[in-house]
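Between the sequences and the hints, there should be enough to build the whole structure, so can you do that?
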Amino acid sequence: MENNRKDPMRMINEFFEARPKRSLLGNIDEYFKQSFSTKGFPLSMEEKDDSFLVKAELPGIERENIKLTIEDGKLVITVKGEKDAKESLQIPPSALVKNLKANYRNGVLKVVIPKKPSTEVKID
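In numbering that gives the first Met the number 0, the protein residues as written are 0 to 123.
One thing to keep in mind: the hints can contain errors.
Quick list of simulated restraints, FRET-style, between CB atoms [said to hold, decoys possible]:
| no. | residue 1 | residue 2 | range |
| --- | --- | --- | --- |
| 1 | Lys54 | Thr118 | 25 to 33 Å |
| 2 | Ile11 | Asp71 | 54 to 62 Å |
| 3 | Gly106 | Asp48 | 25 to 33 Å |
| 4 | Lys114 | Glu56 | 52 to 60 Å |
Rather than coming from a laboratory, the hints here were simulated on the basis of the structure. Using N, Cα and C, we set each Cβ at its ideal position, and we do this for glycine too.
This is the structure:
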(Lines of atoms letter the chains of each structure in order from A and count residues from 1; the text may use other names and numbers.)
(Lines give C-alpha, C1' and ligand atoms only; values in the text may rest on other atoms or scores of the structure.)
Protein backbone atom coordinates (compact mmCIF):
# COMPACT_ATOMS: atom_id res chain seq x y z
CA MET A 1 0.00 0.00 0.00
CA GLU A 2 1.31 3.36 -1.04
CA ASN A 3 1.71 6.10 1.54
CA ASN A 4 -0.23 9.27 0.51
CA ARG A 5 1.45 11.44 3.14
CA LYS A 6 4.14 13.78 1.89
CA ASP A 7 7.36 14.38 3.67
CA PRO A 8 7.14 17.81 5.48
CA MET A 9 10.61 18.84 4.31
CA ARG A 10 9.66 18.06 0.72
CA MET A 11 6.50 20.20 1.08
CA ILE A 12 8.55 23.11 2.42
CA ASN A 13 11.04 22.79 -0.43
CA GLU A 14 8.22 22.70 -3.00
CA PHE A 15 6.67 25.80 -1.48
CA PHE A 16 9.88 27.81 -1.72
CA GLU A 17 10.65 26.55 -5.22
CA ALA A 18 7.20 27.56 -6.51
CA ARG A 19 7.15 30.98 -4.85
CA PRO A 20 4.02 33.03 -5.26
CA LYS A 21 4.16 35.81 -7.84
CA ARG A 22 3.54 38.43 -5.16
CA SER A 23 4.27 38.50 -1.48
CA LEU A 24 1.58 38.64 1.16
CA LEU A 25 2.28 42.33 1.80
CA GLY A 26 2.18 43.01 -1.93
CA ASN A 27 -1.27 41.41 -2.11
CA ILE A 28 -2.49 43.49 0.82
CA ASP A 29 -1.17 46.70 -0.76
CA GLU A 30 -2.86 45.87 -4.05
CA TYR A 31 -6.17 45.21 -2.27
CA PHE A 32 -6.17 48.61 -0.59
CA LYS A 33 -5.17 50.40 -3.79
CA GLN A 34 -8.07 48.86 -5.68
CA SER A 35 -10.67 48.93 -2.94
CA PHE A 36 -10.27 52.53 -1.89
CA SER A 37 -8.95 54.26 -5.00
CA THR A 38 -10.62 57.50 -5.97
CA LYS A 39 -11.07 59.36 -9.20
CA GLY A 40 -9.17 62.21 -7.61
CA PHE A 41 -5.62 63.41 -7.82
CA PRO A 42 -2.67 63.69 -5.42
CA LEU A 43 -3.24 66.56 -3.00
CA SER A 44 -1.13 67.65 -0.04
CA MET A 45 -0.80 70.50 2.46
CA GLU A 46 2.42 71.63 4.10
CA GLU A 47 2.65 74.12 6.95
CA LYS A 48 5.26 76.86 6.64
CA ASP A 49 6.19 79.55 9.18
CA ASP A 50 3.86 82.17 7.70
CA SER A 51 1.55 80.17 5.42
CA PHE A 52 0.10 76.85 4.31
CA LEU A 53 1.16 75.44 0.93
CA VAL A 54 -1.33 73.23 -0.89
CA LYS A 55 -0.08 71.22 -3.88
CA ALA A 56 -2.19 69.32 -6.39
CA GLU A 57 -0.62 67.23 -9.14
CA LEU A 58 -2.62 67.80 -12.32
CA PRO A 59 -0.44 66.81 -15.29
CA GLY A 60 -1.98 67.41 -18.69
CA ILE A 61 -4.81 69.56 -17.35
CA GLU A 62 -5.38 72.99 -18.92
CA ARG A 63 -5.49 75.95 -16.52
CA GLU A 64 -9.00 76.84 -17.75
CA ASN A 65 -10.28 73.45 -16.53
CA ILE A 66 -9.26 74.03 -12.91
CA LYS A 67 -11.62 75.73 -10.47
CA LEU A 68 -10.85 76.72 -6.86
CA THR A 69 -13.58 77.51 -4.34
CA ILE A 70 -13.96 77.82 -0.59
CA GLU A 71 -16.91 75.80 0.74
CA ASP A 72 -17.73 75.17 4.41
CA GLY A 73 -14.18 75.88 5.56
CA LYS A 74 -12.63 73.69 2.87
CA LEU A 75 -10.51 74.48 -0.17
CA VAL A 76 -12.20 72.65 -3.05
CA ILE A 77 -10.34 71.92 -6.28
CA THR A 78 -12.50 70.83 -9.20
CA VAL A 79 -11.05 69.61 -12.50
CA LYS A 80 -13.10 69.35 -15.70
CA GLY A 81 -12.01 67.28 -18.68
CA GLU A 82 -11.80 63.65 -19.77
CA LYS A 83 -11.74 62.61 -16.14
CA ASP A 84 -13.71 65.01 -13.96
CA ALA A 85 -12.37 65.08 -10.42
CA LYS A 86 -12.95 66.96 -7.20
CA GLU A 87 -10.83 67.00 -4.05
CA SER A 88 -10.95 69.12 -0.91
CA LEU A 89 -8.86 69.94 2.13
CA GLN A 90 -9.95 71.38 5.45
CA ILE A 91 -8.52 74.88 5.86
CA PRO A 92 -6.83 75.31 9.25
CA PRO A 93 -8.39 77.89 11.62
CA SER A 94 -5.15 79.91 11.64
CA ALA A 95 -5.36 80.51 7.86
CA LEU A 96 -6.21 83.89 6.33
CA VAL A 97 -8.45 82.76 3.48
CA LYS A 98 -9.12 86.15 1.87
CA ASN A 99 -5.48 86.55 0.79
CA LEU A 100 -4.82 83.18 -0.80
CA LYS A 101 -2.79 83.00 -4.02
CA ALA A 102 -2.62 80.25 -6.61
CA ASN A 103 -0.41 79.42 -9.57
CA TYR A 104 -0.28 76.53 -12.01
CA ARG A 105 2.96 75.50 -13.71
CA ASN A 106 4.22 72.26 -15.21
CA GLY A 107 1.18 70.27 -14.11
CA VAL A 108 1.35 71.34 -10.45
CA LEU A 109 -1.18 73.65 -8.84
CA LYS A 110 0.20 75.51 -5.83
CA VAL A 111 -2.06 77.44 -3.48
CA VAL A 112 -0.52 79.60 -0.77
CA ILE A 113 -2.82 80.41 2.15
CA PRO A 114 -1.25 82.96 4.52
CA LYS A 115 -1.57 82.52 8.27
CA LYS A 116 -3.30 85.04 10.50
CA PRO A 117 -0.91 87.28 12.43
CA SER A 118 0.23 85.69 15.65
CA THR A 119 -1.51 86.75 18.85
CA GLU A 120 1.44 85.54 20.88
CA VAL A 121 2.94 88.19 23.13
CA LYS A 122 6.71 88.05 23.46
CA ILE A 123 8.08 88.37 26.97
CA ASP A 124 11.20 90.49 27.54
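Here is how each hint holds up against the structure:
1. Lys54 with Thr118: 25 to 33 Å: holds, 28 Å
2. Ile11 with Asp71: 54 to 62 Å: The hint (54 to 62 Å, Cβ to Cβ) holds, given that Ile11 and Asp71 are roughly 58 Å apart.
3. Gly106 with Asp48: 25 to 33 Å: holds, 27 Å
4. Lys114 with Glu56: 52 to 60 Å: violated, 24 Å
The structure does not agree with numbered hint 4 stated previously, though it agrees with all others.
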